[in-house]
Amino acid sequence: MARTPSRRRAPRLFFAPRSLLSAGRSGLSVGLLTGLVGLVGLGLSSGGCGSAAATEEPTPVVLEGAPSFEVRTAREWPTAGWPSATPAEVGLDPAAIATLEDYLFARNGDDVDRRGQRTNAFVLIKDGKLVAERYARGYSADTAMLTWSVSKSIANTIVGCAVHEGLLCLNDTIGQHYPPAVDGGVGSVRVTDLLQMSSGIDWSETYETSPVFSSVMGMLYTRGRADMAAFVASRGLAADPGTRWSYSSGDTTLLMGVLRTILGDERNADYPWVALFDRIGMKTAVLERDAAGTFVGSSYLYASARDLAKWGMLLLADGVWEGERLLPEGWVRYTLTMAPAYYNTELTPGTVDDNPGAQVYLNHGDPARDVPPPWPAAPADTFAAQGHWGKSIFVFPSLDMIAVRLGDDRIYACDIPGHDDKCEPDPAKAYSKNHYLGLLMAAVPGAVGVGTTPVAKGGE
Amino acid sequence: MRKVLKIVGIVVGLVLAAAATFLLLNWGALSSFPALPSSYEAKELCSCLFVEGRTQGECEAFIRQDVVGIDGRDFDVDNRRVTVRALWSENSAHYVSRRHGCVLD
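Chains as they are written, first to last, in the numbering used here: chain S, 1 to 460; chain C, 1001 to 1105.
The set of hints was computed from the structure by calculation and includes no laboratory data.
There could be a bad hint or two in this list.
To be verified - Reference listing, derived: stretches of chain S covered by chain C, where coverage requires no fewer than 3 residues with Cβ under 8 Å from a Cβ of chain C:
1. 156–167
2. 222–232
3. 276–289
What the hints assert, rightly or not - Restraint-style ranges between C-beta atoms, simulated for each label pair:
4. Thr1055/C with Ala80/S: 29 to 37 Å
5. Glu76/S with Thr1055/C: 33 to 41 Å
6. Phe1075/C with Gly81/S: 33 to 41 Å
Claimed, not checked - Among chain C residues calculated to face chain S with C-beta under 7 Å, some are:
7. Leu1014
8. Ser1032
9. Phe1033
Note that the Cβ used here is the ideal one computed from N, Cα and C, for glycine as well.
I would like the entire structure built from these sequences, with the hints used as guidance.
Next comes the structure, spelled out in structure tokens:
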């Protein structure tokens, strides 16, 4: 079986958004999944964001250094709109781009059976220019579109802006800032633990597979909806912070609650626009909140595909936009570093393909455990924001390229782990991340994938 | 016979005790479940209509699920509010602003 990250398990036991939000997930089963782990925390030691006032044990994170790729700063900035070019003008193969678009926009089903590709938008940026763009199913270049968990990666960037302003530090504990978590174990969780989804907070990220016991469904729609961050903080710890990686929308949302507490309600309400969206020209951005006023963050960012590509551009520029630094030095490098706790976490069919950085996905694999990179067709430095139902922003730093694809796929191709009960066997007839990436790379002469012969390995 | 009845009685008692324990331990999750289908639909329909700007038909196709029956949906377009009833529970979401989209009531 080939590997492709993103949602696995497709059982449609229940109605809802089977994974409204995620891309990776821990999917696992219900509340009892707790236990396990308790291993050694690897701590990401590098520089630091000022105060390491926290506890004694965890190795403080230090923010420093440029990302490992060539930073792209000298160009025409797309704040007001993207400059455009033809694929040939930027060295792409126009025929291969046409093949890619044919694949993305082929419909093999209707809106009743929901089979086949259901691509809403595709935008390709190469060398800072818009070189391909297409919409379907009633969407357009101006539509603010649902992104589900792509939101998490943008939430990371909003937090980065706040760190840059000195409002909080990666090594701060939640208890330092967030009154509901002053007491008890959750108070000892650090900001970096939340960003790396390694908080250890007791959480079940299931969707229709187990809606009754799903923490994320409870947070978004029932028990937690009035104050989502407080709901997360009330869950308690299932593992020591920093020791276990587990996909959790709760970690992201709690971080948004921390930010709101620091900023105060009035400033918080506009902060994402003041700090980020207005700066880089994400004019279509909508970011929804809970009833208490906390940005959900783990989901509910709506934006146009063109605007989402600007986020990729900001990271390619190491957080500097039009000459102004929006993110701390070292932030992009930190974001693109594997979450240390992942190496201690049990691999399952769902987690084997998730190479988590800080709220983004990477293409590293885990060589020590014989886990190959999840996207063999793509370069090793590829990273992505991913959301449920086929939403992604793929960024290819060595190619200076960004690809945004927003879909509403309900039935994936069978090469996505876990999607074996109701999937489409032919990857050309449904969304397959690796098929998509393969066709995309075919349009870039000289692009070298990190591995073209994926080893069949993984959970089982 | 008496012995058999006694054993059956003990078994039934244990099963009931286990069920009661399960209910007690999971009451929070179990009791909130009936609100889930209606609140999920209300929030996602609201955002689909008033944030994404889709039509009611498109949004209903987007939200469709074939497991839990929906008793009713009210679309208050003037006040930009969506109310959904399912599993004896009613939930609404309303549009807040251009930046902040929708929120459950």
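Hint check against the structure, violated hint numbers in rising order: 1, 7
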